[in-house]
Structure formats: C-alpha cells, structure tokens
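Asks: One letter stands for each residue in the lines below.
Number of protein chains: 2
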Amino acid sequence: MTWYTRLWRYITLAHGAGGKETEEIVENLIVQRVPPNLWKVGEGSGLDSLDDAALIPLGDEGYVAVTVDSYTVKPIFFPGGDLGRLAASGTINDLLMVGAKPIAALDAVVVEEGFPLEDFNKIISSYIDTLKSNNVALIGGDFKTMPKGQLDGIIIASMGIGVAKKPIRDSDIKPGDKIIVSGYVGDHGAAIMAAQQGIGANTDIVSDVKPLTDLMIPLIERYADAIHGAGDPTRGGVAMLVNTWAKKTETVIVLDEESIPIRPQVREYAEMLGIDPLSLANEGMAVLAVDSDYADEVVKYMRKLGYDKASIIGQVYKPKDPRHAGRVLLKSVAGGIRILEPPSGELVPRIC
Amino acid sequence: MTWYTRLWRYITLAHGAGGKETEEIVENLIVQRVPPNLWKVGEGSGLDSLDDAALIPLGDEGYVAVTVDSYTVKPIFFPGGDLGRLAASGTINDLLMVGAKPIAALDAVVVEEGFPLEDFNKIISSYIDTLKSNNVALIGGDFKTMPKGQLDGIIIASMGIGVAKKPIRDSDIKPGDKIIVSGYVGDHGAAIMAAQQGIGANTDIVSDVKPLTDLMIPLIERYADAIHGAGDPTRGGVAMLVNTWAKKTETVIVLDEESIPIRPQVREYAEMLGIDPLSLANEGMAVLAVDSDYADEVVKYMRKLGYDKASIIGQVYKPKDPRHAGRVLLKSVAGGIRILEPPSGELVPRIC
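Chains Z and E, in that order, are what the protein sequence lines are. Counting with the numbering used here, you get residues 1 to 352 for the letters of the first sequence. Counting with the numbering used here, you get residues 1 to 352 for the letters of the second sequence.
Source of the hints: derived by calculation from the structure; they are not laboratory data. Errors might be hidden in some of the hints.
Treat identical chains as interchangeable: a pair holds within one or across any two.
Below 25 angstroms or equal to it, Euclidean Cα-Cα: the simulated PhoX-like pairs (lysine-lysine) are [claimed, not checked]:
id, residue 1, residue 2
1, Lys101, Lys165
2, Lys20, Lys101
3, Lys74, Lys148
4, Lys20, Lys122
5, Lys248, Lys74
6, Lys20, Lys247
7, Lys148, Lys20
8, Lys247, Lys331
9, Lys248, Lys318
I would like the entire structure built from these sequences, with the hints used as guidance.
Replies: See below:
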C-alpha cells in the first residue's frame, strides 16, 4: 500500500492550492520517484531544491536558469491584469528570484473550442507586450485546442530561460538574515477572490501583477552577496514561502505583524472572509532574506527604485531547541506570539 | 478590422489541429506580434524558424536548445503508451530534431478535481521512467488543479533543455537532398483515432510513441554534416512537415508513395475513414533531409541501429518555375502525380 491510498483516492482542489497538500503530492509522487542523480544537472540546483527556477551550470559562464508554470486564473480578465500579463510576469519573476536575468520565453497554449478570438488576441498581446517591455524574447511555443466542454477557457504554460552569474539559492539563508518584502502583501489573491465571488466588486482591490525586473536586476547587481534568498510568494502567499524557507534551512523565522504592509481594503476583505492576508497570493511582490548588515541599506535602495513600501518584516534565527527548526512565528500587533502554519486546504481555485 | 474578424470570431478545433489553420493563427496572432529582435536570442533560432526547438547561442560552447509543448491526448491510456510517455517522448524528440542532446526536463501539470490518484501516479511514473531511461534529469515543475467540470482529466506541459554543438536547422535543406523516414508512418494517429472512436478496437494498431535517442544521437555524431533537416511529424503528419520544409526553403519536394512504409492495418483503417495516412500523427518516427551522397549510407546505418523500416521516400528539387516553390508532389503507386496539400480542418482532437 502506498502513501496516497491511505489518505486519498482522488485529487482534490487542495492538492493544487500551493499549500501543505501540494507539497505532499509533489514530494511523494514526483520528487521521491526521481533518482538523486537525475534531480539536477551537475552542480546546478533542480527538483531537490524546489526553488522558483532550476539552475544548470555552464562552466565559467555561470548558470542557465529555467522555469515553467501553468496559468489557469479565472476570470481571465481581472482588476489590474489578465492571464497573459500574469503568465509573462510569473515567468519573469521566477527567473529573477534565483538571481537570473530573464532572456527568453516560450509558451504552450491550450484553448477551448468556441473561445472568442478577440479575447485570445487580447491575452496573447498582453503576454507578448509584457515580455517585450522587459526585453525578453519569445522564441517558441505550441498551440492546441480542446473540444467544447473539455476545458473551461484557456490555459497558458509559460517557460522562461535566464542567465545567472551568481545565483540566489534559498538554501543560503542564514540565522541573522532580515526578511524584507518589496511592497503590499495579498493584493493579487484578494483581487481574484473578489472577482470570483462577486463580493467586494465595489472595493478598489487591484492585483499587483507585474514583472519585478526594475527592482531585482539593480538589486542583484549591487547586493549579490548580501541577498541570501529571494522568493515570489504566489500560491500560499508569504506564509507558505517563509515556512518553506524555515524548513529548508532548519531555522526559525519570526515575523513582526505590525511591520507588514497590507492595504486597509485587503485587510478588511480578508477579515470579512476569515482569511489570513499572509496566505493570499502575490504576483508582483518579492520577499528577500538579506544579511542583517545590509538590510537597512537594501530597503532604502528598494524605496529609491520606487518600491516605497519595501520593509523589513522579520528575522531568521537559529532554533534554541532543534525540535523548533522549520517553525515560523508571528508577533501580533496585540503583542502575543503564535505559530504561523503553512496554509492548507483550498482558499479558492484558479488564483493564478 | 483585423484579419481574424474577417475569417473567424471563435477558436475552432481546426485551429489546434496542427495543419493550415494552426499555421495561420500562430503566424497572425503570435509571430507577427513579436518584433524581429525578440524572435530569437543573438544568432540563435527562435520563433521565426518554427523548428521543433529554439536555439540560444552559448559562445564557443554551442547552443542551448529549448522546447515546450502541452499534451492533451485522450484517452490518457492508449494502445502502445500513455500521456506520460507521450509527453516525455515528445519533449526528447523535439530536442533531438534540432541536433541537440537532451539533458533536462520540467513539467507543469494541471489536473481536474476528482481525478483518480492511481491514474495520476501511473502517468507521472511513466513520464519519469521515460526521462530516466534516456538519462534526462527532471529538474523542476509545477502542479495545479482545476475544479470538477472545468477540465476533462489532465494536461501536461513538458519543457526540455538540450545542448547542441552543431544544430540541425530545417532552413539548411537543399535541392538534391533525399527525404528519409525512420520507420512506419501514421501509427500514433491511427491508434488514437481507433481508441477514441471505438472503431477497429479489434485491430492491432499500436502507437509508435517513444524517444528517438538511440537513433538520433548516433546519427548526429556520425553524420552531422550530411543531415540538413530533421523533424518529428506529429500533428499533421509527414504531409504537414514536408510542406513546411518546402515552403521554408522555397523548394519542391517529391515523395514516392510506393517507398513509404505504412503498416497494412494502418493503411486499411485510414482508407476506411477516407484519411491520407501521410497526415496521421507520429510520435516515435523521424523524417530527415540528407545530402544525396550520404543518403544510402545513412539508411543502412539507421537499419543497423534497429530502425529496419528506414527508407528514402523522396527528394528535394529546385523549382523549375518559381511559382511552384513550396509545393509537395506525390508520385502515386498507380503512376500518377498529385499535389500533397498541407492538411487542413480537424481530423480528431486531442491526438497528442
């Protein structure tokens, strides 16, 4: 009897939500199947590291970074963006988060029969325009259709290729590092939930979806040694990302709720739904782990680059008790402290 | 008014069939949108060349080859293979066809809520096993779910990365070159159609799905200069591929029907349905354009490698009249000659 027959017989929405259940299915059904010598190429990082992008060594030239994601967001046009902009931004950001300069992309599109060509045109234009304005070449792709009723709309799988001289690997995060966010937390997740549920359509919650090229390229050039980790907190939000980091590096990460920038309307909407804004998806916001000697300077520089909500929100610690390794704690505004669990269950499907 | 509003307002199955309509939508809505400097990276080949994989130059080291495709085949288990084996084979073959050695793959999987975990497990095992036996590392991926009724089953987007010292580019195909197939034509397409339509289930038509590593790697090493073009005739089959070549190189390609290896049961089944076997998909068969001085030797070598149906099936000519450039002619067994058009319309959806 294998692990899954004991727990589940069917795939649930939670398996794809990017939280604990996704981790479990990916670990058990994929990662464990791949022999360690086929997890990565040479001294690169691959499946074993579960970073935003994989790295293939190029000898003296550095690394080729590669990433692929499927984008299924619904609705395909949402406040602040659309599926095309989301796919291009997600691809670019995944490359930036491992310290790579994005150079090229490919897309594999599957569309339902009967899909309006006008909408397809808008989505593809948006995808191409986002790549173009970030100087990323679209060098190939695939286009397929599925019969009516077999797919609801359109799915874009987008793949990106970049080059990294000195990659950022989450495994380099160290006790003492400060945790920094580049901007408001939870905008994308809240915008999609409001659009899907038709609640709060009169609020002005707008997705943050955008490529972070103008932030990350200058940061990588200037602070290559000080940035120990970088991540794109999409599904599962900041809560999932920071939990992954704590687990991977066997540290304890403490976040200070008061210093986390959250828009009032996002906070209110999340409260109304009983959701922690820290588990809402972001699509144009980076979380960094930065050497504490440079953290203030990095935040100042980020603000100079136009990211004026950039803030230190926490710190990495060596666990006093090894049994606490991998834990994330949240100091609440009220003064208490609680464990911030990795999100589980399904908040809402098709968030990205 | 743009081109598409004149012709269509909605996406049709034919747009995704890999024939003329796919060419039209990709050319008009994607290729024409991308500024020429963003079609490719440096002296590589990208969107403009429409080869099986794109090539990014690495300086003296050669090229990185990259490819991505979505696999939607239905049924997901079919005679001769399954979705996992199809995705891995397709990815590997696309890299081989540009002369690259496949080294790594990533997958982005989207699964419908309620999909049996047992089936997911079989498909993923099959994907990983096929990569493994071809020494291709699985270095990353993405896993998402869609609510019940919004996706029929499972889609795998599979991306591959390879390295090419001396790439094969279809644009190098020259008048005089012989057209060679590595084996029987049409097996995959016929197998899927039989499985989908429940007709001919008692025949023994089996998909040819497999990676062509054991054929292409020795060929690339030995005949790098003699092989001018290589292609994986999937959707649209040999007819589509050879038409693309003739058009791209402004040549005329003449095929000799008598010399094309087709299994009797595939020929019969295609005749029954009124379909040309040359437009049926193949998933484990290569078409090569080879310098005529080496063609016989190459065929002999392919047979020695176990591809005992490898055959010369035609030749590339310089058009006598420039208006004939891009045409493919078929000398029929009966002695007549006819134009072999690129397939159009939708034979059957979800063939690969």
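Asks: Check Lys247 against Lys331 for me: Cα-Cα at most 25 angstroms, and say if that holds within a copy, between copies, both or neither.
Replies: Classified as within: same-chain Cα gap 19 angstroms, cross-chain 66 angstroms, threshold 25 angstroms.
Asks: Quick one: Lys248 to Lys318, C-alpha cut-off 25 angstroms, is that within a copy, between copies, both, or neither?
Replies: within (13 angstroms within a copy, 61 angstroms between copies)
Asks: With identical chains, the pair Lys20 and Lys122 could be close in the same copy or across copies; at 25 angstroms between alpha carbons, which is it: within, between, both, or neither?
Replies: So Lys20 and Lys122 pass the 25 angstroms test across copies only (22 angstroms; inside, 35 angstroms).
Asks: Which holds for Lys248 with Lys74 at a C-alpha limit of 25 angstroms: within a copy, between copies, both or neither?
Replies: neither (32 angstroms within a copy, 39 angstroms between copies)
Asks: State whether the alpha carbon distance between Lys74 and Lys148 is at most 25 angstroms within one copy, between copies, both, or neither.
Replies: both (17 angstroms within a copy, 14 angstroms between copies)
Asks: If the cutoff is 25 angstroms on CA atoms, where do Lys148 and Lys20 land: within, between, both or neither? Let me know, please.
Replies: This pair counts as between: shortest inter-copy Cα distance 21 angstroms, intra-copy 33 angstroms.
Asks: Taking 25 angstroms as the upper bound on the Cα-Cα distance, should Lys101 and Lys165 be classified as within, between, both, or neither?
Replies: both (9 angstroms within a copy, 24 angstroms between copies)
Asks: For Lys20 vs Lys101, is the C-alpha pair at or below 25 angstroms within one copy, between two copies, both, or neither?
Replies: Neither way: Lys20 and Lys101 sit 30 angstroms apart in one copy and 36 angstroms across, limit 25 angstroms.
Asks: With identical chains, the pair Lys20 and Lys247 could be close in the same copy or across copies; at 25 angstroms between alpha carbons, which is it: within, between, both, or neither?
Replies: Only inside one copy: Lys20 and Lys247 sit 12 angstroms apart there, 51 angstroms across copies, limit 25 angstroms.
Comparing the model with each numbered hint stated earlier shows that hints 2, 5 do not hold.
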